[in-house]
Amino acid sequence: MKILHLYYDIMNLYGEYANVSAMHRILTNSGIECTVDRLTIGDSAVLSEYNFIYIGSGTERNQKVVLDDFMSYRAQLREYVNSGKAALLTGNSFEMLGATIEDAKGNRFEGLRLFDFKTKEQSKTRNTADAIFEADFLSRPLVGFINKCSETEGVKAPLFKVKMGLGNKDSDTAEGVRKENLFGTHLTGPVLIKNPYFLEYLACIVAGGTKLSTDHLEYERKGYEITLTELSKLNDKAD
23 MKILHLYYDI MNLYGEYANV SAMHRILTNS GIECTVDRLT IGDSAVLSEY NFIYIGSGTE
83 RNQKVVLDDF MSYRAQLREY VNSGKAALLT GNSFEMLGAT IEDAKGNRFE GLRLFDFKTK
143 EQSKTRNTAD AIFEADFLSR PLVGFINKCS ETEGVKAPLF KVKMGLGNKD SDTAEGVRKE
203 NLFGTHLTGP VLIKNPYFLE YLACIVAGGT KLSTDHLEYE RKGYEITLTE LSKLNDKAD
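Straight run, no breaks: the sequence shown in our numbering ends on number 261.
Errors might be hidden in some of the hints.
Using C-beta positions, here's what the derived DEER-type ranges look like [claimed, not checked]:
no., residue 1, residue 2, range
1, Val68, Asp192, 36 to 44 Å
2, Ile63, Thr232, 28 to 36 Å
3, Arg96, Ala126, 38 to 46 Å
4, Thr195, Lys259, 17 to 25 Å
5, Glu132, Lys244, 40 to 48 Å
6, Gly231, Ala67, 23 to 31 Å
7, Asp138, Gln98, 18 to 26 Å
8, His238, Ala121, 34 to 42 Å
9, Ser66, Asp261, 45 to 53 Å
In silico PhoX-like cross-links for lysine-lysine, where the CA-CA straight-line distance does not exceed 20 Å [said to hold, decoys possible]:
no., residue 1, residue 2
10, Lys127, Lys86
11, Lys201, Lys183
12, Lys255, Lys244
13, Lys24, Lys107
By construction, these hints were calculated from the structure, which means they are not laboratory data.
Because the structure is a prediction, the values reported are computed rather than measured.
Glycine included, every Cβ here is placed at the ideal spot set by N, Cα and C.
Let the hints inform the model, and build the full structure from the sequences given.
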């Protein structure tokens, strides 16, 4: 199997390369031969050759630099997603999949238009929050952290339901976006390290339903339980 870590060097905030490491580890520990290609601006990739694609979060400036290059993959990415293969975009990388991104100065950038949503940035403050999200495809909630300066409006198929934290826009109870097996979220942590149950779910898709070995996730599960307990206490106090 092949993993593509796209824009690994420029969309690399919050240590999110660990999401790729986590996916590679669970697959190889399950006896699945797996390689990772790390490509960036100016490189050329045939997306159909990969079983999992990952793009992490970047600064607002780097997002715009990447967006210009990412547009060249528009047709390929649409075919990849429609084929049912798995992809994960975290932080502001998933905003590039929408119709437009408007920066704090009012400049508007064309997105890949895999979705109709629109994103608008502001420069006054960054919105940060601990988060607990729920997903209809998982029995356990997700935990992590949100750090962004944008709001996204018009998401018709959100990924998560907000129990604690920030949604796609102010006071929104939905977060992220999903289409087939493409997942986009502002949840960082890194999200697959903080949430071993989400990792297992996503890895199962990547592996085509192959039974996976997850004994090595013992510490991740313990860390998840501690985080969930502490964040739930904070959420209860806030209520």
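36 to 44 Å was suggested as the range; check whether the CB atoms of Val68 and Asp192 agree with it. Because 40 Å falls inside the window, the suggested range holds.
For the pair supplied as a hint, Lys201 and Lys183, is the alpha-carbon distance within the 20 Å limit? holds (16 Å)
Range hint 40 to 48 Å: satisfied by the CB atoms of Glu132 and Lys244? Holds - the Cβ-Cβ distance for Glu132 and Lys244, about 45 Å, lies within 40 to 48 Å.
Between His238 and Ala121, does the beta-carbon spacing fit 34 to 42 Å? holds (41 Å)
Take the C-alpha atoms of Lys24 and Lys107, compute the straight-line distance between them, and say whether it is at most 20 Å. Roughly 12 Å between the alpha carbons, so the hint for Lys24 and Lys107 holds.
Ile63 versus Thr232 beta-carbon gap, inside 28 to 36 Å or not: holds (34 Å)
Does the alpha-carbon distance linking Lys127 and Lys86 stay inside the 20 Å limit? Holds: Lys127 and Lys86 sit about 13 Å apart, inside 20 Å.
Given the hint of 23 to 31 Å, is the C-beta distance from Gly231 to Ala67 inside that range or not? Taking Cβ atoms as reference, Gly231 and Ala67 lie about 25 Å apart, which means the hint holds.
Holds or violated: the 45 to 53 Å window for the beta-carbon distance between Ser66 and Asp261? holds (51 Å)
For the pair Arg96 and Ala126, does the Cβ-Cβ distance stay inside 38 to 46 Å? Taking Cβ atoms as reference, Arg96 and Ala126 lie about 25 Å apart, which means the hint is violated.
Verdict for Asp138, Gln98 (Cβ pair) under range 18 to 26 Å: holds (20 Å)
Falls inside 17 to 25 Å, the C-beta gap from Thr195 to Lys259? With Cβ atoms ~20 Å apart, the hint holds.
The earlier numbered hint that this structure contradicts is number 3, and it is the only one.
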